[in-house]
Amino acid sequence: MLSARVKTALKFCPNLPTPPGIAMRIVEMASEPNLDLGSLARLLSQDPALASRVVRASNSALFNWPRPTENLRQAIVVVGLDATMNLALSFSLSRTLGKGLTSEQGVKLAWRRALIASCGARLIGARMNRRDGEELALAALLQDIGILALNAALPDEYPPILDGARDHDDLLRREREYLETDHGEAGAWLMQAWQLPQKMATAAGCAHGDCPAGLSGNDTTFHRIIACSGRMADLIIEDDTEKLTTELALACREVDRMSQEDLDSLLTSLAEVLPATAQLYETELMSPALVTGITDQAREILNTRNLMLGRTGRGRGMGAQGGSFD
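Take the sequence shown: its position 268, counting from 1, is numbered 268 in this note's numbering, and each next residue is one higher.
None of these hints come from the bench; they were simulated from the model. There's no promise every hint is true.
Straight-line C-alpha distance at most 25 Å; calculated DSS-like pairs for lysine-lysine [to be verified]:
1. K7 with K199
2. K243 with K108
3. K99 with K11
4. K199 with K11
5. K99 with K7
Could you put together the complete structure from these sequences and hints?
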């Protein structure tokens, strides 16, 4: 639960991150019962840069459409109405995510991690044949937005906590030790203040171990995918590949029907789509060669572990008989 002290600091912070106006109009439009393609196209056309990104995304490796789309209306048809809204929200809110942090650790944990996790969540959704891939991608993008909120609300106290963290898990530990809260809870508060869908706010808390009781099976799977996407990002941006591969495998085990074969395919796909994602968001993530090297090493670790489990007769999960995680 968000501590009273931090909640007060957030509530009265004069420079708390705020979403662009068009993002809020997209949120309002999403609640309209008779939303149509033309209305969304007219709204997005008010922001040429945003509209251009949506068109570019529809032509990218993220969607693999066989024919190029030439305008915004065609792009919406390719991507789908609801997916286009979530994609546009992702692009719009990324402008907020990319600001306010200047340290290398801050950029890595709040920006690069968000983009890589967003890619991972979209890929997991596609692998599981879900229809909410862009909603997953948006929730993954925003799961660490509480870092920006805490950085703004506690300008003297929070930067040393952030800059002193070795990795994402260490950041959570330090936040809980010094602030009695974490950026997942702060992010959930911020998204509620922005009046984003409750599912987005809940995802931020669940991704960091604070899930409310009573979630439906589908919602539980949704939030487990977000948590898994964060582990995929950690694998790419942190150093201990063997440890992080194991943690990713454990996170995937919590997602329905995910097998080692699924994870192997996801890692291959992640290396393929990250360069396109970096271009769409007009940012630098990591060199394609380095990402490919990391994912190749992770797959080798998984395969080696699978062989070892099979030889010792303990291959119930990543073992020789099936390929689901254990």
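Against the structure, the hints come out as follows:
Annotation: proposed proximity of K7 to K199 holds, straight-line Cα distance about 20 Å (limit 25 Å). Between K243 and K108 the alpha-carbon distance is near 19 Å, which keeps this suggested pair within the 25 Å criterion. In summary, the hint linking K99 to K11 is supported, as the alpha carbons are separated by about 20 Å, within the 25 Å threshold. A distance of roughly 21 Å separates the Cα atoms of K199 and K11; the hinted pair therefore holds under the 25 Å criterion.
Between K99 and K7 the CA atoms are separated by roughly 22 Å; this keeps the pair inside 25 Å, and the hint holds.
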